[in-house]
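Colleague: Residue numbers (our numbering): -14 to 401.
What the hints contain is simulated information worked out from the structure, not anything from laboratory work. Possibly wrong hints are sitting among the right ones.
Restricting the straight-line Cα-Cα distance to at most 30 angstroms, the calculated cross-link-like pairs of lysine-lysine (DSSO-like) are [as the list claims (entries may be wrong)]:
#1 K160 to K125
#2 K323 to K361
#3 K39 to K26
Here are the simulated distance ranges between beta carbons [said to hold, decoys possible]:
#4 L332 to I373: 36 to 44 angstroms
#5 L320 to S45: 52 to 60 angstroms
#6 R243 to E146: 25 to 33 angstroms
#7 Q171 to D29: 56 to 64 angstroms
#8 L255 to G363: 49 to 57 angstroms
#9 K160 to Q113: 22 to 30 angstroms
#10 D25 to R145: 32 to 40 angstroms
C-beta atoms are modelled at their ideal positions from N, C-alpha and C, and glycine is treated no differently.
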Amino acid sequence: MKPFFSTVAMALLFTLTSQAQEYFIKHDLQTDQSVYLRKDKGKDTIVVKSIRMKQPGRISLVVNNFNPFYWNAKVTAFKKPVEEETSHVGMFISSLIKGSGSSNFVSLGINKGLPNDPVIDKKTKELQMQSVKFTELSEKLTTLQYDPKLSSAQIKNGAREAMKEVFGKDSITQKEIRAMGQELDQAKRTVNSEAGETILRYAFNDNLIAIYNTYTSIMLTDFSFQYTVNGQADYTELRLSVFPRNAKDSFAVDTVIRYFPIQSGPSLRLRNSLGISFNYFPDKNRSYFINPDTTIGQGSGDLFTPVLSTFIHFYNYNTNGLRWGGTFGFGVPLLGEKKDIHFMLGLCTLLGKNEPVIISAGISGAKVDRLTNGWKTGQRVPDLNFSIPVLSQFRAGVFFSVTFNLTNLTGNKGAE
-14 MKPFFSTVAM
-4 ALLFTLTSQA
6 QEYFIKHDLQ
16 TDQSVYLRKD
26 KGKDTIVVKS
36 IRMKQPGRIS
46 LVVNNFNPFY
56 WNAKVTAFKK
66 PVEEETSHVG
76 MFISSLIKGS
86 GSSNFVSLGI
96 NKGLPNDPVI
106 DKKTKELQMQ
116 SVKFTELSEK
126 LTTLQYDPKL
136 SSAQIKNGAR
146 EAMKEVFGKD
156 SITQKEIRAM
166 GQELDQAKRT
176 VNSEAGETIL
186 RYAFNDNLIA
196 IYNTYTSIML
206 TDFSFQYTVN
216 GQADYTELRL
226 SVFPRNAKDS
236 FAVDTVIRYF
246 PIQSGPSLRL
256 RNSLGISFNY
266 FPDKNRSYFI
276 NPDTTIGQGS
286 GDLFTPVLST
296 FIHFYNYNTN
306 GLRWGGTFGF
316 GVPLLGEKKD
326 IHFMLGLCTL
336 LGKNEPVIIS
346 AGISGAKVDR
356 LTNGWKTGQR
366 VPDLNFSIPV
376 LSQFRAGVFF
386 SVTFNLTNLT
396 GNKGAE
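Input sequences plus hints: build the corresponding full structure.
Modeller: What follows is the structure in structure tokens.
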């Protein structure tokens, strides 16, 4: 039997996974354009107008032209009625970035005067020009790296051009950089030694390695961000919040917030509520008494009976449009001597994002007093002290109620 159950379990798992929906939201941070995609049965993606979750699945939000050096991101997935799951995304770049940062170049450390030796003077000026080029290159790469207004292609193309201007090519290895830095540091030490004093303090090797790390991190970074939601088909929207990593940045841009709605397929939900219903019964709207002429008279009773009621509501939840369904409840009158239970069955509509207020109407049933034993209004009785014979019977009426979903009455977590 064990192999049989294992086979059945595997078959069920395969069926569920094969039916799972998978959607992609591709958003370009620079153009502010979004595209919705769905993976079909053939594993190909097709463009769709919107996301409509009818069963458990997965939604992947992909943000392109997202500069992770400058931006940070937070994604909030809202469920229905209103709950939220939050993902706070930190830096996700390769370890190369951790070692680069912005190069804090040491001052060139050039003494006020140059040596009188023309040979040393020439070598010193050549090294100074090299250090200025490397300083400008580092600043240019850092500016590109942290510019939030440029696309991924613009940043990478700008970095390539900057490297070409200094090194004559945009492809350079770490070995070549180290060899160049060591050679220039040796030339610096020779100049300082021949001059008999420290003319140059620029650390060529350290700064060239920093340039290499910055350039490599730019070229290897994907400049995109992805967040995946796994769960039931009960999400209403995703909210993307993009904000600067450094709030004190001199060219900080305000937080960018974008919403991506998710249309859920109808799903049966149950909700309970508590409130007041107003019940009307034609028979209960009559009162009986004996007239002075010993005939049975009929007067008007209360138009309606206020009833403290509790309901169970069942309805199809839709993200958009009116939410309505059926309702069943019971309650006890708040006024009067008789406290017979009232039963109610009808339709309901749920209001608000959290569904805090529910309005219901329909048919109600309760015991009401009616003349019995063949007695009718206007009929003469033996005397004024005659006890009018009435019988309590269940009769149908109508009700209207306003009740409250106490669970979500104040549960506006994540609401905007």
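Colleague: Now tell me, hint by hint, if it's right for this structure.
Modeller: Here's how the hints hold up against the structure:
1. A distance of roughly 23 angstroms separates the Cα atoms of K160 and K125; the hinted pair therefore holds under the 30 angstroms criterion.
2. For the hint pairing K323 with K361, the CA-to-CA distance comes to about 23 angstroms; that is within 30 angstroms, so the pair holds.
3. With a C-alpha separation of about 15 angstroms, the suggested pair K39 and K26 falls inside the 30 angstroms cut-off, and the hint holds.
4. Our hint of 36 to 44 angstroms for L332 and I373 holds, since their Cβ atoms are close to 38 angstroms apart.
5. Checked against the hint of 52 to 60 angstroms, the C-beta distance between L320 and S45 comes to roughly 58 angstroms, which is consistent with it.
6. At roughly 32 angstroms, the beta carbons of R243 and E146 sit within the given window of 25 to 33 angstroms.
7. For Q171 and D29, the Cβ-Cβ distance of about 59 angstroms falls inside the hinted range of 56 to 64 angstroms, so the restraint holds.
8. A C-beta distance of roughly 50 angstroms is found between L255 and G363, which places it inside the suggested range of 49 to 57 angstroms.
9. In this structure, K160 and Q113 meet the distance hint of 22 to 30 angstroms, their C-beta atoms being roughly 26 angstroms apart.
10. In this structure, D25 and R145 meet the distance hint of 32 to 40 angstroms, their C-beta atoms being roughly 38 angstroms apart.
Going down the numbered hints, you'll see the structure goes against none, and every one checks out.
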